[in-house]
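J.: Here are the chains, one letter per residue:
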Amino acid sequence: MEHSGRAAAQPFVAAASATFPTVVDEHGVTSDSLGFKAVPNGVLVDEAGVIRWAKYGGFSVENAEDVAAVDRFLAGDDPGPSHDAAAPYRLGPTERELVATKLRLGQVLAGLGRGGEAVAAWRDALRLDPENLTIRKQIWAAEHPEKFHPTIDWDWQRAQLKAEREQEIADGICGPDGCPVPWATPNGGMA
Amino acid sequence: MRDFELTDQAERAWRLADALKGGAMVLVFYRGDW
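In order, the protein sequences belong to chains A and E. If you read the first sequence in our numbering, its first letter stands for residue 1, the second for the next number, and so on. If you read the second sequence in our numbering, its first letter stands for residue 1, the second for the next number, and so on.
Misleading hints may appear alongside valid ones.
Quick list of in silico lysine to any residue cross-link-like pairs, SDA-like style, CA-CA up to 25 Å [said to hold, decoys possible]:
| id | chain 1 | residue 1 | chain 2 | residue 2 |
| --- | --- | --- | --- | --- |
| 1 | A | LYS162 | A | PRO150 |
| 2 | E | LYS21 | A | SER82 |
| 3 | A | LYS55 | E | ALA19 |
| 4 | A | LYS147 | E | TYR30 |
| 5 | A | LYS55 | A | TRP154 |
| 6 | A | LYS147 | A | ALA38 |
| 7 | A | LYS55 | E | VAL28 |
| 8 | A | LYS147 | A | VAL108 |
Calculated directly from the structure, the hints in this document are not laboratory data.
The following block holds chain E by itself, in its conformation from the complex (with noise of 0.2 Å):
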């Protein structure tokens, strides 16, 4: 999977590679609204 770097939403750098050192990982894709 392509890496990819976004932020929360108090604007805190989160980057995948850097999330996957720590153990697999479990994303969920939603809109909050929807």
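So here's chain A without its partners, still in its complex pose (with noise of 0.2 Å):
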């Protein structure tokens, strides 16, 4: 999942020193079609391609429960009961197509070199879906750089997150579920 172009994936590909195919997805692909909104996700398919496990969000290759599920399946075992049979993507078709366009139309600005206006098409995008994680970080990506390298400043994305949740809602900018209910919320509208 690489918003910004497959150059930016290729020091991480380097460094894991992968065995394994790693593909990049610029435009969405398969978040659209699996409907997921945050990574790091895992997905386990059969020969008929039909998922026989997945976890949206969460899934570590350092967890054992994880690491159980796919050692399972791929010793021909079932792998056990799902985490999520699908990810929860409320968005209707139209809704969807419309923020994978804005993200394309955001990688191709990217590419030109024109990164105000690649933001801008991107907050379009996270207008339509504010709970997308993958798009959010997108722009604080491009945004500040200085807290995703060399380290991941992960009190800044939190303290990030809460205040722009925050002042999304009160400038009412809502879910596809509408506004949320601050005191209806987990930790009294404060996540």
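Using the hints, put the two chains back together into the complex; each one sits in its own frame.
T.: Printed below as a string of structure tokens:
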């Protein structure tokens, strides 16, 4: 998942010394197809193309349960119950296509060196899909690269997300389910 | 799962349906610096 181009993915592929195919999804083809809004995700697909197990968000090779599910699957056994049978993507098909179009537009503009316009296009996509962390982080990475390199500033991300969501709610920018009710959300609306 | 074709970092094409001909797949979706 790399909306700013394959060149941005190359250092990570090289550092991982991966022996498996690593493909670059610049336009959100897979997130649109599977309906996920955040990474990392793990999806186990059998020879017939049927998803046998999936975990959307938080999948990790350092998680013993995730590794055990993969091991069972690769051994030909039932990987066990999925965390999520399907990613909870609530946008309609028109909204999803518009989000995808805005993402592609931003990628093209970024490739032309028009970073400000690229971010504007990504902000349009985020306005349509404000719970989409992959879009939000794409904007952060473009505007605050120092928060991602050489190390990731997770505390900054948490604080930034909280501040942005509070501002968006105050501005009336809501999710596909409408505006959140502050007193009905986890942590009293301070998530 | 819907088929898709993408390219790797060296711009070589990779299609899910072709890969599945070799057996089951573990797909991991991530972003490098997030």
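J.: A separate judgement is required for each hint: does it hold in the structure or not?
T.: Now the hints, each set against the structure:
1. A:LYS162 to A:PRO150: holds, 23 Å
2. E:LYS21 to A:SER82: holds, 24 Å
3. A:LYS55 to E:ALA19: With Cα atoms ~21 Å apart, LYS55 of chain A and ALA19 of chain E stay inside 25 Å; holds.
4. A:LYS147 to E:TYR30: holds, 18 Å
5. A:LYS55 to A:TRP154: holds, 22 Å
6. A:LYS147 to A:ALA38: holds, 18 Å
7. A:LYS55 to E:VAL28: holds, 10 Å
8. A:LYS147 to A:VAL108: Distance of about 24 Å is within 25 Å: holds.
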